[in-house]
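Student: Sequence:
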Amino acid sequence: MSKSVSLLLGVHAHQPVGNFPEVLEDAHQRCYRPFLQTLYDYPQFRFALHCSGWLLEWLFRHHPDDMRLLVEMAARGQVEFFGAGDMEPVLAVIPYRDRMSQLAAMSDRIEQIFNQRPQGAWLTERVWEATVVPALADAGIRYVMVDDYHFLCAGAERERLNGYHTTEEDGRRLDLFPISESLRYRLPFSPAGEAVAYIESLADQSGQAAAIYFDDIEKFGIWPETHHWVYERRWLRDFIEGVLASEVIRCAHYQDYHREATTRGVVYLPTVSYSEMGEWTLPAPAARRYGELVEAARHEGVLERDRPFIRGGIWKNFLTRYAEANWAHKRMLGLSARLAALPAEQVRQDLVELLHEAQANDAYWHGLFGGIYLPHLRRAVWRAIIELERRLDGLQSRPAHYSGDFDLDGVDEIFLSSLALQAVVRPDGDAALIELASYPLAQNFGDTLKRYQEHYHHKAASGVSTRHEGEGIASAHDVVRFKHDIKPADLVPDTRSRGLFAETWTDFEAKTPVSYGSHVVQGGAVLCMGEAGRVRVAKIYSVRDNAVMVALKTVGNGRLSTRLNLAMPCCDGPAGRYVVDGGIAGGFGQEFTWKNLRALALEDHYLGAAVRIATDRPARVRARPHYTVSQSEAGFEKIMQAVELTLTWEVEDATEMQVRLEIDRLG
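Under our numbering, the letters of the sequence shown match residues 1361 to 2027, in that order.
If you're looking for bench data, these hints aren't it; they were derived computationally from the structure. All values derive from a computational prediction rather than experimental measurement. Nothing false has been slipped in among the hints.
Using C-beta positions, here's what the derived DEER-type ranges look like:
no., residue 1, residue 2, range
1, D1765, A1898, 20 to 26 Å
2, R1421, R1758, 31 to 37 Å
3, Q1756, T1953, 44 to 50 Å
4, G1651, A1898, 44 to 50 Å
5, R1708, S1778, 22 to 28 Å
6, K1955, Q1882, 32 to 38 Å
7, G1968, E1660, 55 to 61 Å
8, E1660, A1557, 28 to 34 Å
Quick list of in silico lysine-lysine cross-link-like pairs, DSSO-like style, CA-CA up to 27 Å:
no., residue 1, residue 2
9, K1579, K1676
10, K1819, K1847
11, K1690, K1676
12, K1998, K1579
13, K1913, K1871
Backbone N, C-alpha and C fix where the C-beta goes; we use that ideal spot for every residue, glycine too.
Work the whole structure out from these sequences, hints included.
Tutor: Rendered as structure tokens:
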């Protein structure tokens, strides 16, 4: 028998829920359209495609002509569609009932459009936990792809990773295809001829050898330099023509290979994702140590052998690294439980769709791409959370105030709400608001992000550049670029909350954060008792209609400040501005200091609303943008997370200040 190898090539297309229209359009022009147009010209070139539900819907709405090409390719048997969670959740971090709902929604969507019921599924970020097997199997999924790295972490032999294996959990069977890392790093970065030759080198005489590839389609046009390389320099056409001309490569669908080949045997995989994720998910000190171990293994020439055993963290670590992600995740889980508890006749499709959107993965984590650092992605998740909560409240009312340790941090959060507004107090040291949600606007004004220490910040400080050498182009994993000028001060991590109403006491000696140690909930108000050295401070929260009221009481001689971080959708765009004494003072991206101010309005014309702050005692008000530094495929960038306001009063003896924060629509 002559040698042969089956090329199982799949691409994953995804854009985060809530991404900017111009980003989607650019992705389509540079990647999705030319990719489809190129493959359309080669009917014999078979491939697999997973496209997340939100993106697929956008493409059909905005580019129906291009989507007709895809429909035709499906009809002629050129493309196999893969399922997944419809709104691209990480299945491992949502309940079984929601896994089933998300998988069914995606499969139904594909069957309705393309007349195919998926047999395979894409796992978001290739996050594997054995607990997802029952839902996948129960949803009719027969196989999924994970990295060959997953198998190597289980001690598998690399030479046996050219076909599928079988696992089981709770009595359900699922087959697993190992994606070749060597192919992921070659396509499309190596010259086309070299990539084809490598695939040919995998051929054997068994008739069951497979070259398994499934990775982001965005590498074919959106990543830096790839559009020119893949389309203008004909890399994709040269690769396809090389594959079709090969005497040993068989271009096949996963479903055909799965039907014709036999399993390589049983396998049980550890909880893991792709190798880069293992570094990204670790806190900065641990990530640095992980990087040192990797470099030491590379220096000793044993990295390829030992890397599966120099393993980083797991995806769920992001929920411990970022308190903001954990809070959104636990709020989502609470709403999932409320929805599941409704009588069947009250469960509507709009409620299910909102829950699915709240489970979109991108705003919960961060790696090479912006993720949680991008306010518009977090805002989309919070919009779904708040709107779902509002609709559930219309079906089953909640108490106006209640408490519980919802984020599992050992501190009971306190919810204060009206029909228009919800404020959540975390009565820890700062006793700040961690959420301020407007139901009419579906906006969480407390949705900001602390300045965290990140393991890659040393690259921003040193300007380390790509290690890529030779022909082809560099992967975005290896390139360091700068979209903005990054200064050392921009990388200093926060030591306090970025919530609303965190206090500091200043006297002749020093500035001292006010630390709150006890609280009482009474009559719909929260009283927090704190101290800064020998100075006692009391803070009282209450909510009425569309306003939150905060009373601050202290005794002493000095200055009391309170800091608010407000997530304004416009951020530093032209539609966000400060209004003082009826006049426009400037935009949110500017810095201001006003003395003896009693009232300030933050108008956000993108949102069509204003936050109005009034105090009964004149205050010195400092306004400035709050930025964080993160990395993306386009380079290191400073992102405005919130408007930071600091109100300061001179205090003599016993003093009380009243602050009213009101949210209303612009008339």
